[in-house]
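Visitor: Numbering follows UniProt numbering, in which position 38 of the sequence shown is assigned residue number 38; successive positions increment by one, without gaps.
No lab work stands behind these hints: they were computed from the structure. Please note: incorrect hints may appear among the correct ones.
In silico DMTMM-like links for lysine to aspartate or glutamate, alpha-carbon gap of 25 angstroms or less [unchecked claim]:
| hint | residue 1 | residue 2 |
| --- | --- | --- |
| 1 | K118 | D196 |
| 2 | K177 | E191 |
| 3 | K164 | E87 |
| 4 | K187 | D117 |
| 5 | K187 | D107 |
| 6 | K118 | E193 |
| 7 | K82 | E42 |
| 8 | K82 | D162 |
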Amino acid sequence: MWYCRGSMSVLKNRKDSKLWKRFQIPEVLFKSISEERQHNFESVCVNFDSAPVECFFRSIFELGVLSPQLANQFLDDGVSVKPADIELNVKIAMAFIDSMRVGTPNDRLLATCDVLDKLLNVLDPSLELNPVTFYNQSTVYGLRLVASLKILGDAVILTQRDVKKEPSRRNRDISDKLLSVWCQRAKSHIERELIDLRRSRLRYVPNIRDPLPIPDDVKIDRLCRVKTELAELFSIAVMISKCVDEVSELVDRSAVVPCFSTHGIYISFKTCRQSFGR
1 MWYCRGSMSV LKNRKDSKLW KRFQIPEVLF KSISEERQHN FESVCVNFDS APVECFFRSI
61 FELGVLSPQL ANQFLDDGVS VKPADIELNV KIAMAFIDSM RVGTPNDRLL ATCDVLDKLL
121 NVLDPSLELN PVTFYNQSTV YGLRLVASLK ILGDAVILTQ RDVKKEPSRR NRDISDKLLS
181 VWCQRAKSHI ERELIDLRRS RLRYVPNIRD PLPIPDDVKI DRLCRVKTEL AELFSIAVMI
241 SKCVDEVSEL VDRSAVVPCF STHGIYISFK TCRQSFGR
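My request is simple: use the sequences and hints to build the entire structure.
Guide: Right under this line is the structure:
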C-alpha cells in the first residue's frame, strides 16, 4: 500500500496550502490532475505490477480507505486525464477489492463506497449493465443511480469466487464484508427511493432532492425510474446468489430488496422479476 506523508496534519489543516505541498500521491494520480494542481502535490513511484488504469483506480480507493475525506476532496477538485479502457466495471471492482485490508471497519468501508459513487460521477465511465426492454430518460437515470451498486455487486461476485479458489482468512473476511455492505446499501437506496416515490404522490408534493442533477428541460418518470432500479438490483442479487452458499437464508435475513410498493400493492423480492417482465 502506498502512503501519504503528513496526511493526518493535512486533514486537520486543509486551509494551509504549504501542507498540501507535503502531500505525496502516486505518480498515476499526479499525472491525472492539471498542471496547476500538480504544484500542490509531490509525485511518488509505487511498485504496482499493473497497468496505469488499474493503478489509478487502486490508488483512489487506497486513499479512500486511508482517508475518505481526502479522496473525495481529490475527486471534487477534478481529474484532467480520465482512463479510457474497456471493461472498466470489472477493473474498478478489482481495484476496490485490492485496496481492502483484513480488519477494515465497516464504517470506513461504507465511506469508501461513497468515494466509489463520486468516482463514477466524475469519470462517467461506460458500464455494462443488464439489458432492459426499453430505454428513455427515466430508465437511463435509474441505471445511473445504481451504477455504484453494480460495481460493488461485481466486487462481491469476484470475492466469492476468490473464496472458492482459496478460502483464506483474508478472502473470507473481505467477501463477507462486501456482501454485507452491498445488502445494506441496496436496501438503504431502494427504501429511500420508495419514500421519495410515495412523497411525490402526495396531494401537496414537498421538495424532493434527487441524488443526481436533472436538467430543467427533462421530465423523469419517478415510477419508471424506480422500477428500473429495482429490476437491476434484482438481477445483481440473482447473480450474487449463484456464488453465495445458503443464499436463500441470507437473502431472507438481510432483505436485500424487501418490497416494492405501487398504489398500495406490495410486490415481494421473489416475485419482482415476473412483475417487471424480467
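Visitor: Indicate, hint by hint, whether the structure satisfies it.
Guide: Structure-based check of each hint:
no.: 1; hint: K118 with D196; in the structure: holds (22 angstroms)
no.: 2; hint: K177 with E191; in the structure: holds (21 angstroms)
no.: 3; hint: K164 with E87; in the structure: holds (23 angstroms)
no.: 4; hint: K187 with D117; in the structure: holds (16 angstroms)
no.: 5; hint: K187 with D107; in the structure: holds (16 angstroms)
no.: 6; hint: K118 with E193; in the structure: holds (19 angstroms)
no.: 7; hint: K82 with E42; in the structure: holds (20 angstroms)
no.: 8; hint: K82 with D162; in the structure: violated (29 angstroms)
Checked against the numbered hints given earlier, the structure breaks only hint 8 and satisfies all the rest.
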